[in-house]
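So the protein sequences, as listed, match chains A, B, C and D.
Residue numbers for the first sequence follow the UniProt record's numbering, beginning at 1 and rising by one.
Residue numbers for the second sequence follow the UniProt record's numbering, beginning at 1 and rising by one.
Residue numbers for the third sequence follow the UniProt record's numbering, beginning at 1 and rising by one.
Residue numbers for the fourth sequence follow the UniProt record's numbering, beginning at 1 and rising by one.
These are computed hints drawn from the structure, not numbers from a lab.
It is possible that some hints are incorrect.
[Claimed, not checked] Distance condition first, Cα-Cα at most 30 Å in a straight line; then the derived DSBU-like pairs of lysine-lysine: (1) A:K7 with D:K19; (2) B:K19 with B:K7; (3) C:K265 with A:K265.
[Unchecked claim] Taking beta-carbon pairs under 10 Å as the criterion, some of the chain C residues facing chain B (in silico): (4) K6; (5) V30; (6) T37; (7) I39; (8) V70; (9) E80; (10) I116; (11) Y142; (12) R245; (13) T246.
Cβ atoms here follow ideal geometry from the backbone N, Cα and C, with glycine treated the same way.
Number of protein chains: 4
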Amino acid sequence: MIVIMKKFARDEQIEGVVKKISELGFVSHVSKGSERTVIGVVGEFSKDKLKIDPLSLLSMENGVETVYRVSKPYKLASIENRPEPTTVYVDGVAIGEGKFTVIAGPCSVENHHQMITTTKGVKSAGAKLLRGGAYKPRTNPYTFQGLGEEGLKLLKESKELTGLPIVTEVMNPKDLDLVLEYADVLQIGARSIQNFALLKLVGQTTKPVLLKRGMSTTIEELLMSAEYVMSEGNANVILCERGIRTFETATRNTLDISAVPVLKKLTHLPVIIDPSHAAGKRDYVPALSKAAIAVGADGLIIEVHYKPEIAISDASQQLTIPEFENLMKDLKKIAQVLGKEM
Amino acid sequence: MIVIMKKFARDEQIEGVVKKISELGFVSHVSKGSERTVIGVVGEFSKDKLKIDPLSLLSMENGVETVYRVSKPYKLASIENRPEPTTVYVDGVAIGEGKFTVIAGPCSVENHHQMITTTKGVKSAGAKLLRGGAYKPRTNPYTFQGLGEEGLKLLKESKELTGLPIVTEVMNPKDLDLVLEYADVLQIGARSIQNFALLKLVGQTTKPVLLKRGMSTTIEELLMSAEYVMSEGNANVILCERGIRTFETATRNTLDISAVPVLKKLTHLPVIIDPSHAAGKRDYVPALSKAAIAVGADGLIIEVHYKPEIAISDASQQLTIPEFENLMKDLKKIAQVLGKEM
Amino acid sequence: MIVIMKKFARDEQIEGVVKKISELGFVSHVSKGSERTVIGVVGEFSKDKLKIDPLSLLSMENGVETVYRVSKPYKLASIENRPEPTTVYVDGVAIGEGKFTVIAGPCSVENHHQMITTTKGVKSAGAKLLRGGAYKPRTNPYTFQGLGEEGLKLLKESKELTGLPIVTEVMNPKDLDLVLEYADVLQIGARSIQNFALLKLVGQTTKPVLLKRGMSTTIEELLMSAEYVMSEGNANVILCERGIRTFETATRNTLDISAVPVLKKLTHLPVIIDPSHAAGKRDYVPALSKAAIAVGADGLIIEVHYKPEIAISDASQQLTIPEFENLMKDLKKIAQVLGKEM
Amino acid sequence: MIVIMKKFARDEQIEGVVKKISELGFVSHVSKGSERTVIGVVGEFSKDKLKIDPLSLLSMENGVETVYRVSKPYKLASIENRPEPTTVYVDGVAIGEGKFTVIAGPCSVENHHQMITTTKGVKSAGAKLLRGGAYKPRTNPYTFQGLGEEGLKLLKESKELTGLPIVTEVMNPKDLDLVLEYADVLQIGARSIQNFALLKLVGQTTKPVLLKRGMSTTIEELLMSAEYVMSEGNANVILCERGIRTFETATRNTLDISAVPVLKKLTHLPVIIDPSHAAGKRDYVPALSKAAIAVGADGLIIEVHYKPEIAISDASQQLTIPEFENLMKDLKKIAQVLGKEM
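Same shape as in the complex, but just chain A (with noise of 0.2 Å):
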């Protein structure tokens, strides 16, 4: 940590400063300018001394004018941690640099005439993994919140007619078990971002994790949420840009396109763009979807139902199988040459 004390402090207030410093287990190097005094902190960080937060304590100190962090507060996630970018499978699927892989499915599982159709047309278009909610995170209690555990069954169906792998959201602690015995990716939704029992339960598990970017949630708060899963023990996690929220509402949220570029700098894990839910409307879809290609990002998850004009949830944002399928065409020229494999 820095501290930068204020223009003209005293002294004694520096000395104070100093002292804290010292009792809260650390080193001082002071550096004294015309104006002003600027104290480096350093010193490792034991787990113990973690569990209180020295910025707040030393911020409050007579005299001191800012403190600012130098060290990330994410440690397995950061890039300094692991240089080489990570890899993560998922029953023999890669998602990872050189790789551009495509999850899609329905918003909502609805049925089963529209599991198979909606599968087997993503699967045939190219898709590699298959997406689909039977626990759905609704804003209103009376709308519709999902199979439970009848969806979850027609996405294994599904998944044995295909191969697909499942990939699918866990909101409640307590369905953890259940999800468990279907997904093959436990997807953590944008509301969950912040629901750090969640997080810890399902750092527990050796499943992948696919962890969805929150509206308000910052760059470093992403990977903050993805250390509480990797500090359980569980380090296969995808990260997930799916729109924030801002002022404008031309679009549901605005696609925050430059976090792919970002988290590069800053991570070794996965990230991939969840261009639907960023949208809220089909039609800009496949032009999202090509800008998450090309700024370098890992993969998509995309919402396909083979008739979204019935669709229970989202229907205005899903595409159509045809159009699915035109997109992946899109997406794979442009794969090509920038030399990832789809």
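With chain A's structure known, arrange chains B, C and D on it following the hints.
Quick look at chains B, C and D alone, frame taken from chain A:
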């Protein structure tokens, strides 16, 4: 709902929409303008119909430009449902219209001495309820996560000594039974505002629920989360504005003070303000607290610590007891001219 | 417009609104539902009628809940007005559908050597126009404000040497005549996007105008600003997305990449992207540039400096010439598979 | 400035940075930690040195992770420059510490009757200055743009009748001379907050300047804009918070009430609040006005119209005269207990 057709939409498109509306169980009123046709959709939504989202489906019909929802998606929380303001009672303490009720206490429950000293201090200054976290949602997995049950016991001890009822957060459904044994008000934190499983569970209890708006939750979504609790049978909901996330970084969050008069127009539920998390800095807390009473809030939840400079969490935003005493004096003067009881 | 009456609005309130609509020169279509009445307001807005804001007035009538505007507030810029895409020509260089036109050059014009070296570099790598600021909008009054006319002369010299037409910013109406002598495209910066006096003035010229979206300008407001220019007679407007201000601080701004497909649905005007100001860091510029071409933008405006480490402004976001050359090679490959001419 | 080197930066990288700092005319203080080296950069910035941006240049050196600025970029506006609060005097009316000064009047100057009636009304209720727009910045080019000089004359007439000094907006540098003949306070609107040419011009006058924060202007940027005015010689600057743009749409803007205590810590300039543009709806204006006085603002600028239902602009946010009278009574009561003179 109102369906706005595209400019010069063809007759068969208009007929298609009318047919769809009828299939969904509603009645159409068609207004043909010189350029555009507008279709009013009327009829009571049955619980069953709401399971699908007619707005989303209609927006996909050919020739449709936009669909507006007219009815509010929350019912029980709405002022139309109950025009007179609700007062929530906690162990004889009233929160609601005509009162200004102050909840105070430390960020985290740390130890016996801290709790006793702080509780006595806030009680004697006029606080009516005690706050304190035994389970702490922390962005960083390596920081203090709360004392858990030991913390709950310390809260109980403080209550026994002072009579102040307890407001404390529950984050994890599996802790609910334990928290229920100790808490007088169940706090749902900003990060759990769309943890729908948790909302349903607290809705099945009879304890008052303090619902903190999330960092990027709209006012309408906050009311939808209240609706989750109320639709399970628990009508004792207190709403809390605690700052939203914006581009401004001078404060920890941006206190959306306007949320108070807006909520007063939309709902009968009491609304309080948390100036501590909004400001993030002790110095700004008194000013924001005075704004809260003047704007029409029904109370405050405010962080106070007998010695913030050794606090384990949020050290920089907790008031000292003398600061809190001064603030309470100022608030009482304002309360008097506004005709509010404190 | 659509007027939504409050639940159970009384008949005389409905009649009052109908009367007001009639006074404003419009025709009403009333739809009575079981709970609510909805009134469609139709009729062509004459220039005179628009001088007052009927939406605002109607929203004040007794019994009115909300008023929605149905017509778009921009006309000339709208795709309904001109369904085929506009191509803007600058000295024979086309910007529009089917092309991907790259504008490159330094942030600020600094001196002869910088300009000649940089211009030759970007030209040989494939840039089609030259950018460079002679008048610089700087947040800090004590920093470099641009060379003014001397800068314009250096731009002209660079153009004479390489043939690249000049894109440069005009900030102050009183500089317009001078800038017109040198510029081939008048750039309106993000901070001037609602400088309506300036917009009207450039609208009275015949030079192409490059309109940069402001940090908190909605897509609709951007089109309204284009309308200011076009309504004065100048239809040669190029729109530019350059990042919006959000809570995320990892990048200078948040590139709203979705603005491209959204704008393509709403307007016939060409749309380009400025990845340099969005990113604020050189490292992220190539990834965002590739996203721009893939998402369907018609070009880029990008900061390149022959030696960024001595640049007077925006040093950290300007590409070196070799970095720009590599990027152009990648962009050409993507252009080819997308069928875009570069 | 503080330069944070990357973890394990090599010695020659550290030396390179130290050399660069020396070339830029500053002195280095190097603190080597176990993992990282931190370099304090000290020395007075001369006007000449500031012409380039040393922060940006240093951030590009090899081995550098981040550079923090320690000094504030504004000088004259800072509280360090002038610790006692500034009072701005307008024709004998004081705006500053210890007062609560209300500026009231219509959004737009419309006609003689409107102005006379409204001005008399606000004067008799206790307003100390008159507001009214003769030049209106309108997002839509087809709406009413203000009466121009005719409007200024109507303002003058109202002043002659009531003695209330005039606050009115100047948008275009070419109108400044004319506006100066009539205005007592020059208002710079939110959309002009970074119109640096205009800021410099009003800085060259001796008239008080009312500076409205832009929709996405940070508090620091607002102070930088004040610095533009002050650095030209005009120290009579009044700051105005009027709401910022966020994701919340229930109000026209989100009033950042915390800006008041934050500004009071950073600057000696008076700070007022515009509740009308923040709220966008009349109903919320009284509550926000009371919050403004309680939070410590030095005054209000508020829209009042003798008959809002026929107002040409902003009809829905202007108070009627009786509403304004009631509000003033409430404000006076609060002023009294807070020890503020109204």
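Evaluation of the provided hints:
The suggested pairing of A:K7 with D:K19 holds, with an alpha-carbon distance near 26 Å, which does not exceed 30 Å. For a cut-off of 30 Å, the pair hint linking B:K19 to B:K7 stands: about 20 Å separates their Cα positions. In summary, the hint linking C:K265 to A:K265 is not supported, as the alpha carbons are separated by about 34 Å, beyond the 30 Å threshold. A least Cβ separation of about 9 Å between C:K6 and chain B falls short of the 10 Å threshold, and the interface hint therefore holds.
At about 8 Å, the closest approach between the beta carbon of C:V30 and any beta carbon in chain B falls short of 10 Å, and the interface hint on this residue holds. At its closest, the beta carbon of C:T37 sits 9 Å from a beta carbon of chain B; the interface hint therefore holds under the 10 Å criterion. A distance limit of 10 Å between C-beta atoms decides the matter here; for C:I39 the minimum to chain B is near 8 Å, and the interface restraint holds. Proximity of C:V70 to chain B holds as hinted, the smallest CB-CB distance being about 5 Å (cut-off 10 Å).
Because the beta carbon of C:E80 sits about 6 Å from the nearest beta carbon in chain B, less than 10 Å, this interface hint is met. Taking 10 Å as the C-beta contact cut-off toward chain B, the hint placing C:I116 at the interface is violated, the least distance being around 39 Å. Taking 10 Å as the C-beta cut-off, the interface hint given for C:Y142 is violated, the closest approach to chain B being about 22 Å. Annotation: C:R245 was flagged as interfacial toward chain B, and the flag holds, the nearest CB pair being 5 Å apart, inside 10 Å.
About 6 Å separates the beta-carbon of C:T246 from the nearest beta-carbon of chain B, less than 10 Å, and the hint is met.
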